[in-house]
Amino acid sequence: MKVIAIASVGGHWVQLLRLLPAFEGMEVVFVSTVKSLSTTVSGNKFYYIPDASRWNKLKLLQTFFKALKIVQKEKPNVIITTGAAPGLLTLIAGKILGSKTIWIDSVANAEKLSLSGRIALRIADKTYTQWPDLAGHRIIYAGNILS
Amino acid sequence: MIFVTTGTQAPFNRLVKAMDDIADELGGEEIIVQAAGVDFKTRNLRIVTFLHPAAYNEIFTAARLIVSHAGMGSIVSALTYGKPIIVIPRVASLGEHRNDHQIDGARKMEMLGYVPVAYNERELKEKVLAFVQQKDKGTAASIGRHASGSLTDSIRGFILNT
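Chains as they are written, first to last, in the working numbering: chain A, 68 to 214; chain B, 4 to 165.
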């Protein structure tokens with residue numbers, strides 16, 4: 068079983084690493100927006116992906132092509148992300164190339180799902196929130212990263 | 004040593020400025036600030052723009068107090084290490100973030116007893132001075148190393164069924 072686990076630097080990455088018990092015994096390929104983060108997952112394959120936000124369309128496109136390249140090469144069974152935009156784009160790439168996809172909305176979004184999360188809800192196989200109040204149709208609450 | 008961290012995404016000069024002012028009353032204690040886009044001279048702070056993860060961890064664990072924007076990276080790290088932290092949320096109307104999720108998130112985390120929150124510079128000063136003068140020991144709440152088992156089990160179950 069091969070998993071791509073992707074998150075942007077900062078809180079997204081910190082949250083992703085707290086999910087590691089979910090992947091025990093699986094091959095995990097990490098992807099993030101800062102190269103030196105590879106040192107925090109040594110022993111695993113790591114790819115750099117350029118950061119992007121919805122405010123810069125050209126960068127979004129560059130990030131999306133890098134995501135396609137990584138997914139094409141790795142052919143993971145599952146792609147999981149805790150955000151943000153590069154994670155969403157990689158889920159889209161996975162959707163196109165036949166991977167199953169999981170979106171974990173950041174614990175930072177306590178009042179409503181993030182914008183990326185609302186887009187992910189339409190394309191991901193599973194969408195999780197970390198706040199019970201935000202659970203709903205197809206939005207799963209099963210706990211949070213603060214345990 | 005006090006470590007001030009603002010994330011790498013956008014400047015948060017309101018926090019940097021506030022800490023520089025508060026530092027006047029801290030008797031020369033070392034204050035390391037991780038911040039991007041500081042466009043003015045500070046009197047009391049050592050500013051670094053980006054820290055390698057190893058250096059970040061080293062400073063983070065050595066500090067006796069963390070002062071941070073209400074970013075989950077800093078909050079979760081502080082909770083993991085049981086490190087006293089005071090957070091001040093970025094405000095969208097001041098151009099500090101795209102929306103006010105840091106205020107929402109901070110309010111919720113404060114309500115659940117995870118972190119003390121300063122909603123403006125005056126409250127920040129009160130809370131930092133109270134901590135330093137040991138009137139307030141700082142709520143060093145702490146959490147385990149991983150997400151709740153129910154969450155990782157749910158994710159794992161889905162992956163294994165694909």
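Don't take every hint at face value.
[Said to hold, decoys possible] Coverage of chain B stretches by chain A, computed from C-beta distances (three or more under 8 Å per stretch; other residues unrestricted): (1) 9-17; (2) 20-26; (3) 45-52; (4) 75-83; (5) 118-126.
What the hints contain is simulated information worked out from the structure, not anything from laboratory work.
Only a predicted model underlies this, so the values are computations on that prediction, with no experimental measurement involved.
By construction, the Cβ of each residue, glycine as well, lies at the ideal position given by its N, Cα and C atoms.
To see whether the hints hold, each was checked on the structure:
Restraint check on the stretch 9-17 of chain B versus chain A: 3 residues with Cβ-Cβ distances below 8 Å, three needed, restraint holds. Given a C-beta distance limit of less than 8 Å, the hint that chain A covers the stretch 20-26 of chain B is violated, as 0 residues qualify and 3 are needed. Counting residues of the stretch 45-52 of chain B whose CB lies closer than 8 Å to any CB of chain A gives 0, which falls below the minimum of 3, so the coverage claim is violated. Proximity of the stretch 75-83 of chain B to chain A, defined as three or more residues with a beta carbon under 8 Å from a beta carbon of that chain, is established by the 7 residues found.
Residues of the stretch 118-126 of chain B with a Cβ under 8 Å from some Cβ of chain A number 0, which does not satisfy the need for three, so the listed coverage is violated.
Hint check: violations occur at hints 2, 3 and 5; the rest are consistent with the structure.
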